[in-house]
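One line per chain: the protein sequences are A and B, in this order.
Per full-length UniProt numbering, residue 1 is the first one in the first sequence, and the count goes up by one each step.
Per full-length UniProt numbering, residue 1 is the first one in the second sequence, and the count goes up by one each step.
These are calculated hints, taken from the structure and not from any lab test.
Treat the numbers as computed from the prediction; the structure is a model and nothing was measured.
Here a beta-carbon is modelled for each residue, glycine too, at the ideal position from N, C-alpha and C.
Any given hint might turn out to be false.
[Said to hold, decoys possible] Selected chain A positions facing chain B (Cβ under 8 Å, derived; list incomplete): (1) Gly-84; (2) Gly-85; (3) Leu-88; (4) Glu-307; (5) Ala-310.
[Stated by the list, open to error] Below, a list of computed lysine to aspartate or glutamate pairs in the DMTMM-like style, where the Cα atoms sit at most 20 Å apart: (6) Lys-273/A to Asp-327/B; (7) Lys-5/A to Glu-174/B; (8) Lys-5/B to Asp-243/A; (9) Lys-273/B to Glu-329/A.
[To be verified] In silico negatives: residues of chain A with every beta carbon more than 12 Å from chain B: (10) Arg-27; (11) Ala-36; (12) Ile-54; (13) Gly-58; (14) Ser-75; (15) Asn-152; (16) Asp-195; (17) Tyr-227; (18) Met-284; (19) Lys-290; (20) Ala-293; (21) Pro-308; (22) Thr-309; (23) Asp-316; (24) Asp-394; (25) Gln-419.
2 protein chains.
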Amino acid sequence: MSHLKPIRVGLLGFGVVGSGTWNVLARNAEEIARRAGRQIEIVRIATRTPSKAIDVVGDQISVDNDLHALVNDPSIDIVIELIGGTTLARELVLTAINNGKHVITANKALLAIHGNEIFKLASDKHVMVAFEAAVAGGIPIIKAIREGLTANRIQWVAGIINGTTNFILTEMREKGLPFADVLKQAQSLGYAEADPTFDIEGVDAAHKLTLLASIAFGIPVQFDKVYVEGISHLAPEDIEAADRLNYRIKLLGLAIRRETGLELRVHPCLVPKHKLIASVEGVMNAVMVKGDAVQETLYYGAGAGSEPTASAVVADLVDVTRLHTADPEHRVPHLAFQADALADYTIFPIDDIISSYYLRLSVEDRPGVMAEIATVLAKENISINAMIQDPKEDYASIIFLIHQAKEGSVLQAIKQIEQLSFVRSKVTMIRMEHLL
Amino acid sequence: MSHLKPIRVGLLGFGVVGSGTWNVLARNAEEIARRAGRQIEIVRIATRTPSKAIDVVGDQISVDNDLHALVNDPSIDIVIELIGGTTLARELVLTAINNGKHVITANKALLAIHGNEIFKLASDKHVMVAFEAAVAGGIPIIKAIREGLTANRIQWVAGIINGTTNFILTEMREKGLPFADVLKQAQSLGYAEADPTFDIEGVDAAHKLTLLASIAFGIPVQFDKVYVEGISHLAPEDIEAADRLNYRIKLLGLAIRRETGLELRVHPCLVPKHKLIASVEGVMNAVMVKGDAVQETLYYGAGAGSEPTASAVVADLVDVTRLHTADPEHRVPHLAFQADALADYTIFPIDDIISSYYLRLSVEDRPGVMAEIATVLAKENISINAMIQDPKEDYASIIFLIHQAKEGSVLQAIKQIEQLSFVRSKVTMIRMEHLL
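Please put together the full structure from these sequences, using the hints given.
Rendered as structure tokens:
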């Protein structure tokens with residue numbers, strides 16, 4: 001196998017994932033070459049603080065801070081982009097592609113926002129852009145959907161694709177603590193950033209969902225059409241109530257095929273406890289995919305971290321190494337479907353989605369309250385699955401479970417309920433997904 | 001994309017999976033072509049009872065019972081082998097390969113036993129043999145290990161890879177029924193064959209484990225070296241005791257890398273309840289893979305059935321369609337590692353494996369019993385993790401949990417314990433795996 005000359009790789013960025021990629025390639029060089037049929041060598045690194053990289057890689061290869069020089073280096077076959085961000089990263093990736101280099105990236109924000117431009121240029125230039133590491137870390141979920149489930153009309157994808165929020169929800173439930181306390185703890189453990197907005201408000205999950213939806217349904221990336229809601233408004237009493245009702249609250253990314261279009265949404269959900277995904281705890285990730293032939297499948301693993309993410313980067317390296325000599329027409333398409341066969345499905349605004357709902361509110365503890373609320377719901381054609389009343393000292397907490405309603409109608413009903421004289425709180429609304 | 005001419009496929013066998021493959025390809029033809037970049041057409045079917053196939057496919061394509069004519073038909077690019085068995089299937093597959101055709105098969109027994117011969121010929125003839133459907137039905141586990149985890153030195157694989165036995169164990173636990181009763185029920189539901197030996201004695205799981213171990217470690221298929229033990233000896237009281245100890249009993253296929261060799265074994269195991277795989281119930285399958293970079297991952301889905309298995313067959317069709325024009329040197333190797341880079345690891349006989357153990361026996365209910373047994377174990381250098389005594393009417397049931405011992409020593413100790421005067425039963429021994 002050794003007659004093939006080594007593939008030459010340039011690495012942009014040497015942070016957590018960059019150093020992990022170096023370490024995995026170095027440690028498992030022999031095992032990886034036995035698979036790939038040739039050596040894969042990082043020959044050049046460009047990073048903002050070269051000294052840190054030099055401490056790890058020594059002086060056998062070129063390390064500097066000239067990111068542009070790397071993507072213009074004619075001796076490099078594959079560029080790995082691990083610097084993050086969407087401005088400089090976009091510029092570097094486009095330059096690399098223009099120079100005929102294959103690109104591997106873990107940058108979900110970049111692809112969710114600029115993916116259509118990047119994939120178009122890559123097709124024109126006959127190069128590959130691989131992004132297994134951009135979604136769910138080490139779990140080979142891109143490959144599973146794009147290549148493992150090609151027989152299927154995908155019905156839905158549902159994923160725990162942000163470890164930070166799953167860690168926070170797990171801790172809130174296990175320790176009965178409020179959101180703010182657990183967030184602080186997550187920050188001190190390094191599971192949440194100093195500015196945690198992207199994670200806790202669901203934006204990171206929405207970037208990843210954008211990519212999953214593209215490869216599941218064969219649509220262009222459309223980040224701006226994803227409904228996004230985070231977990232910062234969740235109260236311990238909702239998590240506890242869910243538990244009593246035999247549900248767990250999880251932040252899910254959901255891409256659902258309906259008869260006349262798609263739903264793309266990220267928000268907290270009540271998920272039945274008996275579903276495997278409800279038992280995915282802490283920083284772990286899991287993605288469920290339901291196809292019309294295969295039915296329900298699930299993929300589980302570490303969604304972040306140095307070597308788990310590097311595992312995905314290196315898997316892409318091996319793939320590109322194998323496929324780069326194939327004629328472009330026979331490679332796996334970037335978005336799972338041929339570039340000229342992407343679909344233009346309607347993506348529903350949030351008012352038009354169909355879901356089940358958990359509603360919680362505080363009311364005066366007097367007769368007739370349940371009946372009046374039920375009347376409002378009935379007027380909006382919403383049928384109630386269950387009503388649970390929990391009397392407190394000087395008020396009552398009521399929970400309604402609503403089965404399969406249009407969100408617009410539920411929001412209308414909530415508006416009216418909040419105006420009833422005996423209602424003493426805003427209505428907390430959490431969607432429920434049964435994943436059938 | 002439509003300038004590429006259709007790929008021509010011949011189908012051997014039209015049973016559960018064959019008809020499923022036809023149905024999925026027909027129903028999702030457009031979606032599949034959007035992915036593959038061309039049409040995939042079944043143009044010929046050979047099956048023992050053509051009339052059944054004709055009822056489904058009509059008269060637009062050639063259907064007869066001449067299996068040999070199909071593999072010799074020069075107009076066919078890819079042969080799908082779904083007839084099962086290891087004699088005629090071997091002959092047909094070898095002929096197809098000799099004729100330069102790519103082969104897709106769901107036949108785990110064929111590959112576990114004759115894989116080395118088949119893959120060798122395929123390499124010589126520059127054709128692909130794809131077998132995603134041979135392990136865990138619709139779960140793309142072959143692809144995940146072979147392509148998704150290429151960065152890793154795989155540490156172990158542990159799978160629930162036989163739905164029949166998992167269904168039986170689930171029912172035994174949920175309903176407290178003995179093995180024989182549940183087996184009958186499984187047979188009437190069609191989850192177990194009239195002759196269930198292959199499933200319940202672990203042979204089917206061992207075929208699949210043989211393939212998983214090959215692609216995980218890069219070794220030739222070595223079915224004869226797999227230790228195989230089924231579930232027919234399991235008693236309801238063991239399942240119940242496991243439950244009280246916070247374990248579930250599962251039939252696992254295990255392929256474990258040790259410093260100086262490999263363990264390949266199929267047998268019932270106590271698995272900690274908090275592990276996701278312990279919650280995989282009924283006929284569902286799941287495979288855990290631990291790699292040194294990615295750490296623990298899990299893949300879950302339907303392990304059998306018409307369309308779930310067809311999902312894997314068709315995924316292979318799309319893969320072969322994409323890759324068949326690539327130069328053979330750059331295709332994904334059959335066993336994940338290059339054919340000239342397979343390893344010759346020692347595979348340990350069962351006496352040399354390391355595991356934890358659950359031992360249950362009946363003894364006279366008198367003082368000193370525990371001490372004497374503990375002395376026997378100590379002499380064999382076996383340390384006890386826990387002892388639980390459960391007094392019955394005129395005897396006592398004792399359970400010992402043993403942490404990390406060599407199986408040979410445990411078997412020696414059991415022999416001695418069974419000779420102690422106060423011991424009134426054989427010792428039931430079940431291995432425990434903590435999957436760390």
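Tested hints:
no., hint, verdict
1, Gly-84, "20 Å, violated"
2, Gly-85, "25 Å, violated"
3, Leu-88, "27 Å, violated"
4, Glu-307, "4 Å, holds"
5, Ala-310, "6 Å, holds"
6, Lys-273/A to Asp-327/B, "49 Å, violated"
7, Lys-5/A to Glu-174/B, "58 Å, violated"
8, Lys-5/B to Asp-243/A, "56 Å, violated"
9, Lys-273/B to Glu-329/A, "47 Å, violated"
10, Arg-27, "7 Å, violated"
11, Ala-36, "7 Å, violated"
12, Ile-54, "23 Å, holds"
13, Gly-58, "21 Å, holds"
14, Ser-75, "21 Å, holds"
15, Asn-152, "6 Å, violated"
16, Asp-195, "28 Å, holds"
17, Tyr-227, "25 Å, holds"
18, Met-284, "9 Å, violated"
19, Lys-290, "10 Å, violated"
20, Ala-293, "4 Å, violated"
21, Pro-308, "5 Å, violated"
22, Thr-309, "9 Å, violated"
23, Asp-316, "9 Å, violated"
24, Asp-394, "41 Å, holds"
25, Gln-419, "44 Å, holds"
Violated hints, listed in ascending order, are 1, 2, 3, 6, 7, 8, 9, 10, 11, 15, 18, 19, 20, 21, 22, 23; each of the other numbered hints is respected by the structure.
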